[in-house]
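Visitor: With the hints as constraints, model all of the structure from the sequences given.
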Amino acid sequence: MTPDEPAEIPARPENPARPALEDERRPENPARPAFEDRGPGRSPGTDRQTQAVRRTPGTDRQAQAVRRTPDTDRQARAVRLGPRSIAVLILVSATGVAAFGWPLLADTASGLAHSKDAPWLFAALLPLLLAVVAATIADTGLDAKAIAMLGVLAAAGAALRPLGAGTAGIEPMFFLMVLSGRVLGPGFGFVLGSVSMFASALLTGGVGPWMPFQMLAMGWVAMGAGLLPGPDRLRGRRELVLLAGYGAVASLLYGTIMNLQGWPYIGSLATGVSFVPGDPLSENLARFIAYCLATSLGWDVPRAIVTVTATLALGPTVLKALRRATRRAAFDAPVRFEDAGTDRK
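If you count the sequence shown from 1, position 1 lands on 449 in our numbering, and the numbers rise without skipping.
Keep in mind that the hints were calculated from the coordinates and are not lab data.
Where a beta carbon is used, it is the ideal one built from N, C-alpha and C, also for glycine.
Each hint should be verified, as a subset may be incorrect.
Claimed, not checked - Beta-carbon label-pair distances, calculated as ranges:
1. L762 - P610: 15 to 23 angstroms
2. E731 - T757: 34 to 42 angstroms
3. L762 - Y713: 30 to 38 angstroms
4. L701 - L611: 16 to 24 angstroms
5. R681 - P610: 34 to 42 angstroms
6. R685 - V545: 16 to 24 angstroms
7. A571 - P610: 19 to 27 angstroms
Guide: This is the structure:
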């Protein structure tokens with residue numbers, strides 16, 4: 449070898465444990481296309497990385513948890529009615545209907561036909577209304593989060609009632625009871641309406657034989673809103689029109705039902721609209737209608753107008769806030785505590 453000739457580079461010995469470069473080919477998977485068919489702009493590891501992301505531990509469980517949260521599933525209810533709650537609700541509603549309607553069916557010889565005995569019957573409704581709350585708690589429908597929301601909404605309703613004191617028909621608490629019953633369901637609505645009326649009676653000094661009837665009637669108003677159709681799919685303007693129409697009808701019916709509580713007390717006045725024990729049902733019913741038109745219609749119609757106006761004006765904001773609070777509270781999801789150092793299996 450002369451100095452002008454380049455030195456020969458010795459060949460690198462082949463590793464017997466490694467095949468030659470030309471033979472180092474990965475067998476193609478017949479179940480998947482070749483790299484050329486994967487589309488432009490994708491590296492050979494893109495599919496493998498995508499599969500790894502999709503199949504990481506816990507991803508499927510997390511996706512199922514997201515799909516099954518109260519935000520995406522059916523709307524969460526603050527109060528679930530159990531068998532005992534339903535039974536007590538039926539009992540108290542039947543007792544309320546009988547107590548409200550007894551003047552139309554009482555005869556002259558009946559002891560219930562005298563207005564002096566009526567307060568005892570009125571007072572009997574109060575423990576039945578409290579039994580509804582006790583039965584709901586016993587059925588585990590009310591937990592700490594639901595009780596907290598019940599207290600907040602009841603306090604808001606009780607604070608709204610004095611705003612219309614002394615002014616004919618201005619009762620803004622009706623629209624709040626209607627919207628709350630719509631979002632939170634019939635069970636929560638009945639309890640909320642009764643508790644709100646009880647709290648407002650304590651706040652305004654309105655405790656009397658009429659208070660249990662007011663609690664019962666307001667509970668029916670909020671419960672009826674929870675029974676309206678389409679609670680999960682009806683949204684927007686149509687829902688507002690539905691709630692406004694129901695609020696108007698409920699406001700008129702509330703005044704009419706409450707007239708049955710005070711109507712027997714004017715029996716001694718012997719007027720054309722007085723209750724006459726023992727008279728035929730048709731005659732007493734005609735007197736009752738005349739009594740409602742002459743006395744409470746001036747209060748019931750403004751109440752309906754205020755409820756409709758407040759529902760259309762404030763309904764979207766209040767409904768959105770109530771639904772957001774219900775979803776974030778997740779009343780149906782039990783609270784669980786896990787150690788951060790343990791792995792999920």
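Visitor: Each hint: holds or not?
Guide: Hint by hint, here is what the structure shows:
1. Between L762 and P610 the C-beta distance comes to about 18 angstroms, which sits within the given range of 15 to 23 angstroms.
2. For E731 and T757, the Cβ-Cβ distance of about 38 angstroms falls inside the hinted range of 34 to 42 angstroms, so the restraint holds.
3. A hinted range of 30 to 38 angstroms holds for the C-beta pair L762 and Y713, which are about 37 angstroms apart.
4. As the Cβ distance of L701 to L611 is approximately 22 angstroms, the hint placing it in 16 to 24 angstroms holds.
5. The hint said 34 to 42 angstroms for the Cβ distance between R681 and P610, and at roughly 37 angstroms that hint holds.
6. Taken as a hint, the range 16 to 24 angstroms is violated for the pair R685 and V545, whose Cβ atoms sit roughly 35 angstroms apart.
7. As the Cβ distance of A571 to P610 is approximately 24 angstroms, the hint placing it in 19 to 27 angstroms holds.
Hint 6 from the earlier list is the only one contradicted by this structure; the remaining hints agree with it.
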